[in-house]
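J.: Spelled out from the first residue to the last, the chains are:
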Amino acid sequence: MATESIKYLAPESETKVKTQVFPRPGQHTTGLVDWLTTIDHKKIGLMYGLTALFFLIIGGIEALLIRSQLWDHNMSVLTNREYNQMFTMHGTTMVFLVIMPLSAAFFNFIMPLQIGARDVAFPRMNTLSLWCFIAGGLILNLSWFFTGGSPAIGWFGYAPLTDTRFAEVIGDMGPDFWIFALQILGVASLLASFNFITTIINMRAPGMTMMRLPVFTWMTLIVSFLIILAFPAITIALVELMFDRTYGTNFFDFLEGGKPHLWQHLFWIFGHPEVYILILPAMGIVSEVIPVFSRKPLFGYGLIVFSGAIIGFMGFAVWSHHMFTTGMGVVATSAFSILTMLIAIPTGVKIFNWIGTMWGGRIRFDTPMLFALGFITMFMIGGFTGIMHSSVPIDAQHQDSYFVVAHFHYVLIGGALFGLFCGFYFWLPKMSGRLMNEKLGKFVFTLMFIGFNLTFFPMHYLGMIGQPRRTHTYNEGHGFETWNQIATIGAFILGVGIVIGIYQFVNSFFNKKLEPAGKNPWDARTLEWTLSSPVKEYNFARNPIIKSRDQAWENNYGPKENHSKKEPLDDHGVHMPDRSWWPLVTALGLFGLCVGMLFHRTIDPSGELVRNYTYAILGGVVMVFGIIMWALEGPGGYHLFPKEEEE
Amino acid sequence: MSGHSEDPVAEESKRFFTFFNLSMILVAITGIEIVIIYVQTFESASIIGILFATSITKFCGVIWWFMHLRWDKFLNTVLFLMGLVIALGTYFAVIYMADAHPVVEKFEVSKIENSWKPDHEYKSNDVVLENGVYYQTKSDRKSGKSFQPKNWEKLDSIPHLVSYHITGGADMIEINSKNPENPYFLLSHPDGEEEIVESTVALLAADATAADFRLKVRSEAFWTEAQ
Amino acid sequence: MSDASAHALDNHEPVTSTGIPNKKVLMWAFLGSDCMFFGTLISTHLIYRKISATVGGNFLDIRDVFDIELTSFSTFILLASSLFMALAVSAIHKGNLSSTRLMLFGTIIFGTIFLACQVYEFTHFVHAPGNELTLSTYRGEPHVFGSTFYVLTGTHGTHVAIGVFWLLGWLAYSFTGKMSTAHALDVEICGLYWHFVDIVWIIIFPVVYLMEYAL
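Residue numbers (my numbering), protein chains in the order written: chain W, 1 to 647; chain U, 648 to 874; chain V, 875 to 1089.
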């Protein structure tokens, strides 16, 4: 490697750029400061994961409240407004605070290891994404404590219900919290995605061509592109809504020239790619796990990658299938119907390829494989009902019924959540260094599988016999009670399974009695399994030189010419980026700016509206200060000197 | 740095003139755009077309030269084009779908019950009922004291007045009969005006009302029917 | 290959798989994303121009409010600032610090003049006697034109302001004595952002302003 022209500092001194405000945390920082200022993708991944699991519990409680309310006709567990708040918060939490961050957790931890990199392209920006995510989760849940409580507008916030004109409670701030939370979460996702795109394109180890990338890394790339192209639509939609609510513009106000229909378009232009953002990471995980537990290479690697890309691209062309019943006209409706049917093709290709992978393989039914198989079967069921929706006359019957609720929970829990749990059981030994209890894992899977199907399969039937969605109760005489009760029981079983699973995950980091995992407990195929468990701070002691796909497998079983090599041990040591306070400060400033904007309005004694931007400006100043100091600080860095045999 | 040049200083010096010239060209094109607006002799559609072309030209000029895409690796162009192509595709679709929605305000079909009157000014194609039989005149005339069949053409069919009022703009209106025993078909292409109020005489085999007919109205992106 | 890496390492940039510096990949991906951002705003404006085109029963003729001379002037100003930006990037590649400073200064001045014109234009429109165009009304009647117009051009103006701020940062840094060709990439990235802001205006000017004179 041509490293001659760079001059490094002597090994013992730490590279510290002294700033006026804080000294930069050095390489030996530990404890709370370490976690607050870390730029290490692995630690950031763990924090994403832990926070997301916490929100999974919160969102789950919201779901169980909904299911309790629907146990019997005319129950009063929740009032109608509270019910609306529950399904709004449940949906928003699960989509933005659970599934997306769990995917981000895996992208962060695993992807750099899979491409042979030491960290992502912009480590401090990675930290900023994390703290923005936490700020967003906080703002969304702060809504419980202010006028109007949490938003009761649905996770999709349709205009004109979101207009202040229709607020159930005078001065309802719920939708405002919702708007700002989604904006910050959008910033977090965007920053992370730019980071991942740059990392995957630019920081692959020598010899790691694009077609040697693991499928999970490919899905990271595709999902990142989806995020950067889809989020701007909802950002603008939210800006327009915020202006309507705060400054009286008429974007969605039908009485003054606006068209609420436009909100639906803008939301779903984001919303449809969003559901592919939710499912593709899980598909990536499953594409890693199935070959490992069938002891066969992935069938049709190129096709799986290509279909993933096609699904991503076409995902932008089908958004109005969420709007079939809004009277768009025959031309638009037919076009979107056909495109939606077409998008089933690449999805089907993937499923056939997974089956082809298992065919003739030696299958081991460990917990990760159980979840992967659960994914395939449950996602297929969700996919079938999805195809049913693509037919417009049938969709007119399904719209707003429990049939749709069944569909998307099959793809989101049976698909995304099962896929992510598959990832946990597969990769957590690499992260924690310990193997989890296999029996308990299988028990968690059993509970989750049974609970999930008990809850959501009856909803297909309930939808067909007429139970409407988003309705806080039902009267006697429809025949809804029996299956609702079964669904509620199933929901609690699912909840218990999830909680035990979460306990297992967290426990594996602290329980010294668990068996050590070693480098490759599953005899897996990709590059991360050549490293020690847990992975060392610097990831790779020496940069690998890649010679083939599934490099770890080839190293163990393949011919000599396919084995990876390592770059010679560098005298200069391994260059590590320095920790930094500034991402945290910037995120705090952004949080302050949003809170300032949320509360900038007061009514003075004479009844006039007063706008006071002091706190917002303060937050903005802190944010800008953080960015300037960040820029001045530079990447910094220090050096580590791993021994020859360490990996 | 683009990282490919041997002597960055010389390269950049050459580019100075490119930038300057491009700048002048952009200014000139902008000047043309403004002049075209002032000089009102062009048709509206062609002005918009020209503006389209000039903005695309300027857009490409800045991207390719000022933003260095010409001299950089192609991947940069790809990254940008992805966003541009998806934005253009999505938003052309949305703008196309945002169309005026025609609304059928009124659709009526009623049998014409004009009895023949003496001393009455009749216009060409007027229809009268006399002694249970329908007659139609072919020219403007004034009727006399008593009914003269030779001045009238006897009709075998029963005339009805078909009238409709449509707002929201339409470019095609189709009316057909739902009853095969009582056929009727009318196709009209209005000029796309906001409000269409029309009535016409339909010669039918049997009595009919609006419920026996289907009125379909089409604008650029929507079909609507009378209920 | 070694040439490229030598060049790359002269700037202390890590060697990348594609040879393109990380920051450049980041900025181009961001600009692709920003296309969707402005696409949403522009199409919102166009959609409402199409389907909510009347006020008080008549077609909304915004020419009574628009001051096309002022807007044309600010368009030329922004184009000029783009030239200065390109020259600034050129200068820093050549290592000519004083020229860089001058060109950056020129960009900032012209960018600021553009912003000043926008601010003047907005206040002018809001208070135009008999033709007030506000966020929610036109001539006192509720309408959506003001909403789409101000939010679109305001967002563009905010992008310009961020750019001016960024450029001021570079101008200040150029006086610290620490600036050199090592920073050429970073100035180039700033230039990419500035040029993008210019091309968005290249689209907005005909579509929002000039087209009104062709309807």
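In case anyone wonders, no lab produced these hints; they're calculated from the structure. Treat the hints loosely; a few may be bogus.
No farther apart than 20 Å at their CA atoms in a straight line, the calculated lysine to aspartate or glutamate pairs in the DMTMM-like style are these [unchecked claim]: (1) U:LYS785 x U:GLU768; (2) V:LYS1052 x W:GLU633; (3) V:LYS924 x U:GLU690; (4) U:LYS720 x V:ASP1060; (5) W:LYS547 x W:ASP523; (6) W:LYS519 x W:GLU537; (7) U:LYS801 x U:GLU821; (8) U:LYS797 x U:GLU777; (9) W:LYS296 x W:GLU554; (10) V:LYS968 x U:GLU658; (11) V:LYS924 x U:GLU840; (12) U:LYS863 x U:ASP818; (13) U:LYS792 x U:ASP818; (14) V:LYS897 x U:ASP803; (15) V:LYS924 x U:GLU842; (16) V:LYS924 x U:ASP818; (17) V:LYS897 x W:GLU633; (18) V:LYS968 x U:GLU760; (19) W:LYS566 x W:GLU554; (20) U:LYS753 x U:GLU872; (21) V:LYS924 x U:ASP766; (22) W:LYS512 x W:GLU438; (23) V:LYS924 x W:ASP523; (24) V:LYS924 x U:GLU658; (25) U:LYS789 x U:GLU800; (26) U:LYS797 x U:GLU841; (27) U:LYS789 x U:GLU752; (28) W:LYS547 x W:GLU567; (29) W:LYS643 x W:GLU537; (30) U:LYS785 x U:GLU800; (31) U:LYS753 x U:GLU842; (32) U:LYS801 x U:GLU755; (33) U:LYS825 x U:ASP787; (34) V:LYS924 x U:GLU800.
All of these numbers come straight from a predicted model, not from anything done at the bench.
J.: Work down the list of hints and note, for each, if the structure agrees.
T.: Quick rundown of the hints versus the structure:
no. : hint                 : in the structure
1   : U:LYS785 x U:GLU768  : holds, 13 Å
2   : V:LYS1052 x W:GLU633 : holds, 13 Å
3   : V:LYS924 x U:GLU690  : holds, 19 Å
4   : U:LYS720 x V:ASP1060 : holds, 17 Å
5   : W:LYS547 x W:ASP523  : holds, 19 Å
6   : W:LYS519 x W:GLU537  : holds, 15 Å
7   : U:LYS801 x U:GLU821  : violated, 28 Å
8   : U:LYS797 x U:GLU777  : holds, 13 Å
9   : W:LYS296 x W:GLU554  : holds, 12 Å
10  : V:LYS968 x U:GLU658  : holds, 9 Å
11  : V:LYS924 x U:GLU840  : holds, 14 Å
12  : U:LYS863 x U:ASP818  : holds, 11 Å
13  : U:LYS792 x U:ASP818  : violated, 46 Å
14  : V:LYS897 x U:ASP803  : violated, 84 Å
15  : V:LYS924 x U:GLU842  : holds, 17 Å
16  : V:LYS924 x U:ASP818  : holds, 16 Å
17  : V:LYS897 x W:GLU633  : holds, 16 Å
18  : V:LYS968 x U:GLU760  : violated, 93 Å
19  : W:LYS566 x W:GLU554  : holds, 15 Å
20  : U:LYS753 x U:GLU872  : holds, 11 Å
21  : V:LYS924 x U:ASP766  : violated, 52 Å
22  : W:LYS512 x W:GLU438  : holds, 16 Å
23  : V:LYS924 x W:ASP523  : violated, 62 Å
24  : V:LYS924 x U:GLU658  : violated, 48 Å
25  : U:LYS789 x U:GLU800  : holds, 15 Å
26  : U:LYS797 x U:GLU841  : violated, 43 Å
27  : U:LYS789 x U:GLU752  : violated, 35 Å
28  : W:LYS547 x W:GLU567  : holds, 13 Å
29  : W:LYS643 x W:GLU537  : holds, 13 Å
30  : U:LYS785 x U:GLU800  : holds, 8 Å
31  : U:LYS753 x U:GLU842  : holds, 12 Å
32  : U:LYS801 x U:GLU755  : violated, 25 Å
33  : U:LYS825 x U:ASP787  : violated, 34 Å
34  : V:LYS924 x U:GLU800  : violated, 50 Å
Hints 7, 13, 14, 18, 21, 23, 24, 26, 27, 32, 33 and 34 from the earlier list are contradicted by this structure; the remaining hints agree with it.
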